[in-house]
Every structure is written in C-alpha cells, then in structure tokens.
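Visitor: Listed below, chain by chain, are the residues.
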Amino acid sequence: MSSAGRATASLRHRLAERGIDSTLFLLVPGLVVAVALFVYPFSYGIGLTIQPTAAMREQWGGGALANYVAFFRDPFVFDSVWLTMRLALPAALFNVLASVPVAMVLRHRFRGKRLLTSLLVLPITLGTVLTAQGLLIFAGRQGWINRVLLELGMIDEPLKLVNNYLGVMLSLIITGFPFAFLLISSYLSGIDPSLEQAAKTLGAGWWQRFRRIVLPLLAPGLATTFVLTFVLAFSVFPSARLVGDAMGETRVMSLMAFRAFGEQNDYAMASTIALMMGAVELVVVVAVLGLRSLLYRGTTGGKG
Amino acid sequence: MATSTLERPLAARPSTWFVWAGMAAFGVFLLGILVAVVVDSFGRQWFDTWLPDGLTTERYVEAWDRFDLGEVVGVTVGVAVLVVVISVLVGVPAAYVLARRDFPGKRAVMLLFLLPVLMPPITYGIPLATVMYSFGLGRTLTAVVLVNLVPSVPFVILTMTPFIEQINPAIESAARMCGARTRQVFTRILAPLLVPGILAAAILVLVRTVGLFELTFLVSGPGSDTLVVAIYRGMTAAGGGEARQLISAMSVIYTATMLAMLVVALRFVNPTQLVAQVKETRDD
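If you read the sequences in order, they're chains A and B.
Heads up: the first sequence is residues 1 to 304, going by the numbering used here.
Heads up: the second sequence is residues 1 to 284, going by the numbering used here.
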C-alpha cells in the first residue's frame, strides 16, 4: 500500500478518509492467528466431511455424503443430538432463571456481600474435572449427602445422584450458575434504580415493579446470558464422561465426536459430528437472538 | 443504589428467604465438593465411614511421582504464560484498531473474532487437531500453545476493545501533535493507561488456559499434558482409573494453583466490572 501511496498521494489520502491507513497493520497479527488457526482448519474440516472412509461409504452409501448419511441414519450417533439438548437446554434455562432472583437480592448493599460474591464466583476456578471428582465423592453412594439423608431416615436406599443424567446436570449447574450470575448481576447493575423508585412512588408493588420495569429492561440481557450459558453447557464433555453415563443417557455429541476422533481415528466422521454440533448450537443461538431482537433495545439508564 | 438500602423493610419477604435457601443449598454443594476432595486426598483409607481412618500426606508424594507432576505443572504454567504473552501481544493492537477505527469490513472482522468464542470448542477443535496431526505437531507443546490461542486471542480482543474505547482519543491526538509516532503513542501513552485492562485480561486468559480442557486434550500427549488433562486421563485410565485418593491429591494441587491465581487476580480487578464491559462488545 505504501508504494501505491507514493505513486499517487491522493489515493493514499482517499483511502485514509475511508479509514484505511497504516494503523490497520496492527490488525494483521490477530487476523493471521484467526485465519491460520480458525478459518483454515475449519474449512479443512468441512472438506474432510465429504471425504468419507471406504468403510463408511460401503456401510451407509450416499457417496461423498456418506458421513452425513451416517450421522442422520445411525441412531447411536443421531440420538446424541437429543441427549445433548436434553442436558444443555434445561441447564442453561435453570442457570439463567435462578440467577435473576439471586442477583436481585444481592443488588442491595449489605455486610458480607463481597464474601458472598466471591463464594459464588469460586466454582469458575474449580473447573469441570475437579467438580466431577468432588461430586463423585460427595454425592456418591457412600458420600456425605446420602449418609446424612440415611441418618435422618429420609431415605432407605442411597440415592443415585452420580453416574447418570442427574450427576451431569448437577455439575452443569455448579459450573454454569456462577457464570450466569455474574453476567445477570452486571446487566442488573446497568438498570437505573431511579426508574424503580419512580414506579414505587406511583404505588407499584414489588411484582409490578419487577414485571413492568426490571424484566423488560433485563430481557435482552437474559437472552444473551442464556446463549452464553447454553454454549458452555452444550459443549459439556468431561463431566458427561466422568459423572455421567457415557454410553447411555449422557452420550452427548462431544463424546461421540471424540470417540470418532480418538478411538476410531476416523477424522472425517469426527469432523462431521463436530460440525453438526456447531450447526445444532447455531440453530438454538439464532432462535434465541432472533427472539431477543424483538425485545426492547436501548439505554437502561444506568451506565454511561 | 445506595438509597434503596434505606427503604428496605426489617423483616425479609418470603421470596428473599427462598433465594437465601437456594443459595444455601448451592453453598452446601460447593463446600461439600471442595471439602470432600481435600479430605479424601489426605485420607489413608475411606470407604464406608463418615471420615477416613487416619490422615496422611503420602498421597501427594505418591501422586507427584506416579504422574510426574513436576513436569505436568511445569508444562501447565509454561503453556499458560506463553499463551498469555502471545495473546496480549497479538490481541491488544487488534483491539486498538477495532476500538478506534472505522473501516470497510469491520463488522466481518468482529464476527471473525466472535465466532471462536461462541462456537463449542469441539466444533473447531477437532478439525484443528486434525490439521495439527497432519503437520506432525500432534502431542507437542507447540500444538498445545497454538490451539489455546484460538479462544484466547479473541477473548483478549473482546475484553480490551471497550477498555480502549474508554480512553479519551484527545490524549492520543495531543501526543501525535507533539510528534509521537504510532509506536511511541503505544509505549508512552496507551500502555500505561491500559495496564489495569491488560492485567485483567491476562489473568482471565491465564485462568482459562489452565482450566481449558477440550482443546488441550485433543492435541496433547505424554510430556505435553496440562494438569486438567492429566487428571482426566488419571480418572479414565483403562481398568477403572487410578486410585481415587491420587486423583483427589492432583485435584487439590490444581485447585490450589487456580486459587492462588484468583487471589492475585482479585487484587487487581473486580470481575463484575470486567464482565459488564465484555457485555457491551457482545451486545452488537
């Protein structure tokens, strides 16, 4: 670009007016990383999906699309879509809905708030693997939960809380809730409290204030938080294997993708499952964001 | 917000009690999980009793030798530091351009940086790992660092853009009027103002990299496993996995590392603020 600039000074000037000048070179390293490590492998992966192995071609037919045929026809693989949704949707919904009242209560100032906030943020550092290990010990057959409940005489048999759907759900809530809470409380702090005070002056009860003032302003934030929490829950992998029932009710898509990748060394099929995973997620994200665009967008009065 | 405290009734509403009960349940689970792992890691034998019979620190020594944790911790810290340094060096200049300039195709560039954050890691991780293996980089440290850059660089860009937007451009203009070049504007003007933001982003990337499982797991192997991956491999090893106490000991080492970083992080940043600023980028 510099040589062109020297040839015709006006061209350089005209480009600069449209926002193209040498400062844009600062963007280059970032773009190189994004293209080399994201765009290229991604396109390569898409290419791989239409180069099925001979075995796949023979078993499922469909020529170059054999992997996709296998994905939709093989119930062992295709059911994982449903199994993943069955975990991720309720988990994300619960995390978002439970965060709202907690964030509302924690919005006020009181003693020990900082400690409580830190406690809620703590699980982010635990990571899924440690949560899984802890759940196995704490909520296992001989864990403290079952022990307490047995002592109290509330149950006769130890509850089965891990190595099934419930175990994965618990782990998703423990890791996902703090994240949703952080986001929701930051959205909530962006709503100007004087709006609510005005409503109170006009005689609105707490439900009316919540329903008419806070909820409409918070709704777009709820949608965004739902999307981000859903993304986290959707890619559940370690906990589905460790505290779930990996070959049964928590046979999620990421496990299937990894099985094809690491155990069967069928990179083409693994890429197919991985891409379909992205596609399924995209459908949900687009649906939620589409709903969100119908909601109020604009200033919430709180932050600059 | 402060005024609302004055008007609160003395007796809490039932809804408030409900919230507190829910939080108490969450707290019980959280502490139970943490304490159970710590107790287990120090226990001699723990089967059908409330507490293990006898305490010992042998598990740590055993786990350290058995899983070669010296090397694993070294790899974890090394990878994390490398990823942080590279993603800050690459991400901050890009964030600067996105914060200050308007140019054709800006929305496309933003989308490109947003995609890796929104996509499930496995979706791009598996094609990426396939590429890594086909370049002969499989199970190497290079591959582990490279795959970790994919979510980290966009993360730095997305966190830093609002930070830079907050700095008054007049300061930069003044510096330029006084004859500063772009590089000088960066080192003399922006860098000092951006230090809190860079620290915050760096710490979050550090925590994320140490905790990131999926991507590292796909390309790492013996000698390039990070701590999380080593724990996972221990738990799922053929033949029912390793002894539970060894895994617990490893988990405690992992949490201690993480907590140390979090404590350092909280000294510099208020996490809620940072999220609030991230939010604004994700909004558009």
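It should be emphasised that the hints constitute simulated quantities derived from the structure, not laboratory data.
There may be inaccurate statements among the hints.
Calculated lysine to aspartate or glutamate pairs in the EDC-like style (CA-CA distance at most 20 Å, straight line) [as the list claims (entries may be wrong)]:
no.	chain 1	residue 1	chain 2	residue 2
1	A	K160	A	E249
2	B	K106	A	E249
3	B	K106	A	E17
4	B	K106	B	D53
Since we're looking at a predicted model, the values are computed, not measured.
Visitor: With reference to the structure, classify each hint as holding or not holding.
Guide: Checked hints:
1. A threshold of 20 Å between alpha carbons decides the hint, and for K160 of chain A with E249 of chain A the separation of about 14 Å falls inside it, so the pair holds.
2. This hinted pair does not check out: K106 of chain B and E249 of chain A have alpha carbons roughly 44 Å apart, beyond 20 Å.
3. With a C-alpha separation of about 15 Å, the suggested pair K106 of chain B and E17 of chain A falls inside the 20 Å cut-off, and the hint holds.
4. Note on K106 of chain B and D53 of chain B: the hinted pairing is violated, with a Cα-Cα distance of about 63 Å set against a maximum of 20 Å.
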